[in-house]
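**Student:** Residues per chain are reported as follows:
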Amino acid sequence: MSEKTNPGNYFEDFWIGQELVHATPRTVTEGDVSLYTALYGSRFAVQSSDVFAGDLGLAGAPVDDLLVFHLVFGKTVPEVSLNAVANLGYAGGVFGAPVYPGDTLSTTSKVIGLKENSNGKTGVVYVRSVGTNQSGEMVLDYARWVMVRKGNADAPAPDPVAPELPGAVAAADLVVPAGLDLAAYDTAAAGSPYLWNDYEAGERIDHLDGMTIEEAEHMLATRLYQNTAKVHFDQFEANGGRFKRRLVYGGHIISLARALSFNGLANAFKVAAINGGAHINPTFAGDTIYAWSEVQECMNIPGRDDAGALRLRTVAIKNRPSADHPDKTDLGEYDESVVLDFDYTVLMPCRA
Amino acid sequence: MSEKTNPGNYFEDFWIGQELVHATPRTVTEGDVSLYTALYGSRFAVQSSDVFAGDLGLAGAPVDDLLVFHLVFGKTVPEVSLNAVANLGYAGGVFGAPVYPGDTLSTTSKVIGLKENSNGKTGVVYVRSVGTNQSGEMVLDYARWVMVRKGNADAPAPDPVAPELPGAVAAADLVVPAGLDLAAYDTAAAGSPYLWNDYEAGERIDHLDGMTIEEAEHMLATRLYQNTAKVHFDQFEANGGRFKRRLVYGGHIISLARALSFNGLANAFKVAAINGGAHINPTFAGDTIYAWSEVQECMNIPGRDDAGALRLRTVAIKNRPSADHPDKTDLGEYDESVVLDFDYTVLMPCRA
Amino acid sequence: MSEKTNPGNYFEDFWIGQELVHATPRTVTEGDVSLYTALYGSRFAVQSSDVFAGDLGLAGAPVDDLLVFHLVFGKTVPEVSLNAVANLGYAGGVFGAPVYPGDTLSTTSKVIGLKENSNGKTGVVYVRSVGTNQSGEMVLDYARWVMVRKGNADAPAPDPVAPELPGAVAAADLVVPAGLDLAAYDTAAAGSPYLWNDYEAGERIDHLDGMTIEEAEHMLATRLYQNTAKVHFDQFEANGGRFKRRLVYGGHIISLARALSFNGLANAFKVAAINGGAHINPTFAGDTIYAWSEVQECMNIPGRDDAGALRLRTVAIKNRPSADHPDKTDLGEYDESVVLDFDYTVLMPCRA
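Chains as they are written, first to last, in the working numbering: chain A, 1 to 352; chain B, 1 to 352; chain C, 1 to 352.
Chain A with its partners taken away, still in its complex shape (with noise of 0.2 Å):
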C-alpha cells in the first residue's frame, strides 16, 4: 500500500493526550442547508427563515445544530473511526456559537480514555472533539466513544484510562445564542401553540410519521458532511461482510428523528445539548422510520423568562408504528424495532 494513503488508526495508534488536527476546513452554506431540508424535510420556523430568526435578534436563519453535528463529526472519521466496529455512545455535547452560512468549520479532538478489550482484537478510545468556526469560536464540543479493531494483534495494551464522562449538560451550560429574545416569537408560523410551560416530565408524544430511507439519501447526506467511513458507501465490500448491506451513517437517523419531531414538538427551536446517545440496531436503506420522544425534564434557564429547556429521550424505531412506544425494558434490553436512543436538550419559548 503507498505510504501516501491513510488506512486510519488502530487501537494501539491512541494515546491519552493525543491531540488530533482533523481535515478539511467546511464553509458551510445555504447549498448544504437547502439539502439538509432535502433530506430530513425539517420544518423548524428559525432554521427555516431569516424573517423569523431576524425577528428574534439573529443575524438570519441559522444553520440546523445536527447539521453543525455532522460537519463536526464527520471530520473526525478519517482519524477516529476509519478503523471502527462501532460507534458506542455520545456524551456532554454543547451547542456554542451559532452557524451560519458563510461561516467555516474545523475540528480537532483529543484521546482522553482507552480501554482493551478482553479479546485482544478491539479496544474503546474515548476522544472529546471540538468544532469551531473561522473566529475560533467553539461551535459544538462532545465526547464519543468507539470500538477500534487493533491492527497488530500483538501489540501491547495500553494501560486503561476511564474519562470522567460528564453527565447531562446542566442548564447553566446550555448557550443561549447572543441576542436571542423571543418576544416576537410568533407561533401560528411555528406551527404549534404549545410552549414551554405546556410539557411536563413524564410526557410521551408519538410523532405518528414515517420516513423510508433510501441509499441514495444517506449516501448523499453522508458524503456532504464529508464523512468517508465506508461501511455507507461501498456494496461491494458489504457483500462479503457480516450484513450483506451499506449501513446507513447513525447520525441521519438523529437527524430524520428531529425532523420527525417537529409533529409534537414543532416550537423546539434549538438542539443545546446532546447529552448522551446510542445507535442500537442497524438501519439499511428500505427501513421506515418512527420515532416517539420522553420529557425527562423541564428546566428553567438562569436569567431568561422568555425561554426554557427541555431535556427530552426521542426514540427512533423502524418498521413498526411507534404509537405504543417500542423502548427498553427495566433490564435495559431494547425492543427489536428501536434503532436509536438519544438523550438531548432543546430550547423553546415560554409563557411569561
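Simulated from the structure, these hints should not be mistaken for lab results. Note that the coordinates shown come from a computational prediction; the quantities given were computed from them, not determined experimentally. Errors might be hidden in some of the hints.
Each pair may be met inside one copy or between any two copies, as identical chains are not told apart.
[What the hints assert, rightly or not] In the SDA-like style, the derived pairs of lysine to any residue whose C-alpha atoms are separated by at most 25 Å in a straight line are:
#1 230 to 14
#2 4 to 299
#3 230 to 187
#4 230 to 338
#5 4 to 321
#6 115 to 58
#7 4 to 294
#8 328 to 214
#9 150 to 54
#10 328 to 2
#11 230 to 56
#12 110 to 12
#13 244 to 329
#14 110 to 160
#15 230 to 323
#16 328 to 120
#17 121 to 319
#18 244 to 319
#19 150 to 300
#20 150 to 117
#21 150 to 178
#22 150 to 162
#23 4 to 349
#24 150 to 56
#25 244 to 214
Starting from the known structure of chain A, fit chains B and C onto it as the hints suggest.
**Tutor:** Showing chains B and C alone in chain A's frame:
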C-alpha cells in the same frame, strides 16, 4: 395520542370562511434553486442565468415559478390535505411578484367551498391559498380542491357551498415582472429561435424526451418543499394500502413535464398562470414520464409588444412514448398512460 | 415531429469550421457546490473552505474544476452529442480563470474534424469547446470527439479532416490562478503531509475506498449539469436497447475517481489540465467504483517555486478492489473492470 401532535383536519373540521395560517415561513435560497435544477434538469435561460435575466431588466435569475408553487402549496398540507384522499384540481392560479433567492414565503388559506359526498365518508374542501413574500406582496394566488376523509362518520353534513371557481386567467390579469424589457432577449443563448408569433392555437408538440423517476428523487423534492403528506414517504404504511407503493407527489410530475417541455417551448420563459389541472393516474418510482403540449390560445398582453402569452395544455404520460399524443376521448375518458393534464399560461418574447 | 423540437444534429449536419452557440447560460452557485459535495464527497480543502482558499490569496473557495467541466460539457450535448453512439475521447483541456459562485458560464464549440466510418452509418465529429465566464474569460478550453449517427444513410461522406489534436498540456500552458500564494498552505488542515516533492514518476497509488452508484445519484448529477443525453435518464427506452439499463454519464465517474483520489493525493488542490481520457466500459447503477493513480510526470511550473504540477493517470474500475491496479495490457487491451482511463494534470504545493 398526544394533544400536541397534529392529526390534520377532517372534513367536519372545515367551515366556510375559515382562515388558515400555515407554518413554516421559508427563505428561498440558491441552494433550493440548485436542487430544483438537479431534480428536473430545467434549462430555461431566465431562471438559469443572472446575466441573462439581468439583461432583461430583472434583479437576477428569478426562482422557477413552479418551485414557488411547490413551496406555497407544501405549507398548506398540514391543515388542508393531511387526511386527503385525493387532490382533485387547481384553478385560477396567478403568479404575482417574482421570487428571488433571499425572499421568504408564507401561505394563508381560506375555505371557499364545502360539499359532503353522498357516501357520508368524505367531502370536498375548496380553498383559496395565497403565498406572500416578506414584503407582503402576493407571489401566488390559487384555488384547489381536495377530497378529505371525515374523522367522525356521524358529524352532520354542512350546507353545501360550491365556490365560483375562476376559469382561465385572462391576459389582462397576468402579472408581467416589473422592469421586464425583452429587447435584449438572446434566442441563441435561450436555445430556440421560435417566438410567440411562431405558435398557433391547436398546434401540438411532442417533447420527445423521457425521464424515469426514483424514490429518492421524489422524496427529496417533496421534503424540500416541506410537504408532509405521508403517502409520499412511508413505505411501511403503503405496504398495507391500496397501491402498495409510495405515491409520487403530483407537483413533481408538473415540474418534470415543464422541464421536458423546454424541447419545443424553450422561450416560454415564465409560467404566469395555472388555469387548471388534474392528476389523472398515480405515478410511482420506476415510471418514465414523457410529455406533449397543445397550444390552446395565443394571447396578446395589454400594453406589451415585446411579449405575448400562450395558454398551453401539457399532458404528461408514463411508460410509453408521447409521439401520438395520448389524450382523453371526446367523452372525457383518459388514456391509461396519462398522469397529468395541466392547463397553464406562459409568457414568451414576440417579434415586433 | 414538430419543427420546434430539437432532434439533435446527425453526422451529415456538421461541417468543418461550423460554430455552435450552446444554450443555456448558467450562473454557478453555492447550491451547485453543495450538491457536488453531496454527490461525490470531495474533500479538497481549497474547494471546501473560503478561509483556506482566502489564506492562499484567492477570492474564496473556487468551484471544483470538474464541476466547471461538467457544466461546460453539458451545454454542448444538444448540438454535438444528442445522436452520439459513443463519447470517444478528450484532449488538450486547459482550465483558465477560476470559477467562483456567482459566475455565469456559457459554451461555444467549433467543428475541427470529421471522418465518416466505413460502415456508412456513423462518423466521428471532433469539436473544440470553449467555456467562458460573464467577463468573456476562458474557464475551460478542450477538444473532444464523438461517434455520431447519420440521420440519412444516403448523405454523402464529407472529405475527411483529421484535426491536429494537442498532446499533453505543457507546464508552460497551465494556468495558475492569479494571486495564488501557497506560503500559508496548511497541510494538516488539507489532510496530508505529502507535497509535490514527495511524488515521483512511475509511482502508483491505490485510493482504497469504493463508492457504489445509485440511479438517483447519477441522474441528479447529470441534470444539475443540464446535460440532456437521454441514455442517462430514460429506463423505458433503455428496456428496448442494448444494455437494458440507463448509462451513467461518464463525467460522473471522472468526479468519483477524483474524489476517491483524495486518499493519496490530498494536496492536489487543482485540476489544471485534461490531457486525455477515455471511457472504457459502461457503468450502471449498482456498480461500485474504485480508483488508482499513476504519477506520469513531475513538472516544474515556470516562475513558481511554491507549486509544481503532476501529470497523473487515474484509472477507475468497478466491482473489484484496486490494490493490484487493474490496467491494460501492453497490447492496449483493458481489464474488463476498467471504466475510465483519465490523463490529467494537477497542481500541488512544493517544499522550497
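**Student:** If a hint holds in the structure, say so; if it doesn't, say that too.
**Tutor:** Now for the hints, and whether the structure bears them out:
In the homo-oligomer, the alpha carbons of residue 230 and residue 14 lie at most 25 Å apart inside one protomer (21 Å), although the nearest pairing across protomers, at 46 Å, exceeds that limit. Taking the shortest Cα distances, residue 4 and residue 299 sit within 25 Å of each other only across copies (19 Å), while inside one copy they are farther apart (50 Å). Proximity of residue 230 to residue 187 under the C-alpha cut-off of 25 Å is restricted to the inter-copy arrangement: shortest distance 23 Å between copies versus 42 Å within a copy. In this homomeric assembly, residue 230 and residue 338 come within 25 Å of each other (Cα to Cα) both inside a single copy, at 24 Å, and across copies, at 21 Å.
Taking the shortest alpha-carbon separations for residue 4 and residue 321, only the inter-copy value of 18 Å comes in at or below 25 Å, while the best intra-copy value is 48 Å. In this assembly of identical chains, the alpha carbons of residue 115 and residue 58 never lie at most 25 Å apart, being 43 Å within a copy and 45 Å across copies at closest. Proximity of residue 4 to residue 294 under the C-alpha cut-off of 25 Å is restricted to the inter-copy arrangement: shortest distance 13 Å between copies versus 48 Å within a copy. When the C-alpha separation of residue 328 and residue 214 is checked against a cutoff of 25 Å, the pair qualifies neither within a copy, at 27 Å, nor between copies, at 35 Å.
Proximity of residue 150 to residue 54 under the C-alpha cut-off of 25 Å is found in neither arrangement, the shortest distances being 50 Å within a copy and 40 Å between copies. In this homomeric assembly, residue 328 and residue 2 come within 25 Å of each other (Cα to Cα) only across copies, at 21 Å, whereas the closest approach inside a single copy is 47 Å. Proximity of residue 230 and residue 56 under a CA criterion of 25 Å is satisfied in neither setting, with 41 Å inside one chain copy and 31 Å between copies. In the homo-oligomer, the alpha carbons of residue 110 and residue 12 lie at most 25 Å apart inside one protomer (15 Å), although the nearest pairing across protomers, at 59 Å, exceeds that limit.
In this assembly of identical chains, the alpha carbons of residue 244 and residue 329 never lie at most 25 Å apart, being 29 Å within a copy and 33 Å across copies at closest. Within a single copy, residue 110 and residue 160 get their C-alpha atoms as close as 16 Å, which meets the 25 Å cut-off; across copies the closest is 66 Å, which misses it. Taking the shortest Cα distances, residue 230 and residue 323 sit within 25 Å of each other only across copies (16 Å), while inside one copy they are farther apart (35 Å). Proximity of residue 328 to residue 120 under the C-alpha cut-off of 25 Å is found in neither arrangement, the shortest distances being 30 Å within a copy and 43 Å between copies.
Neither within a single protomer nor between protomers do residue 121 and residue 319 lie at most 25 Å apart by alpha-carbon distance, with minima of 34 Å and 29 Å respectively. In this homomeric assembly, residue 244 and residue 319 come within 25 Å of each other (Cα to Cα) both inside a single copy, at 19 Å, and across copies, at 15 Å. In this homomeric assembly, residue 150 and residue 300 never come within 25 Å of each other (Cα to Cα): the closest approach is 45 Å inside a single copy and 42 Å across copies. Proximity of residue 150 and residue 117 under a CA criterion of 25 Å is satisfied intra-copy only: 10 Å inside one chain copy versus 59 Å between copies.
With identical chains, the CA atoms of residue 150 and residue 178 are never at most 25 Å apart, being 45 Å at best within one copy and 47 Å at best between copies. In this assembly of identical chains, residue 150 and residue 162 lie within 25 Å of each other by CA distance solely inside one copy; the values are 19 Å within and 59 Å between copies. Proximity of residue 4 and residue 349 under a CA criterion of 25 Å is satisfied inter-copy only: 15 Å between copies versus 52 Å inside one chain copy. For a Cα distance limit of 25 Å, the shortest separation of residue 150 from residue 56 qualifies neither inside one copy, at 50 Å, nor across copies, at 39 Å.
Proximity of residue 244 to residue 214 under the C-alpha cut-off of 25 Å is found in both arrangements, the shortest distances being 16 Å within a copy and 17 Å between copies.
In summary, the numbered hints that this structure violates are 6, 8, 9, 11, 13, 16, 17, 19, 21 and 24.
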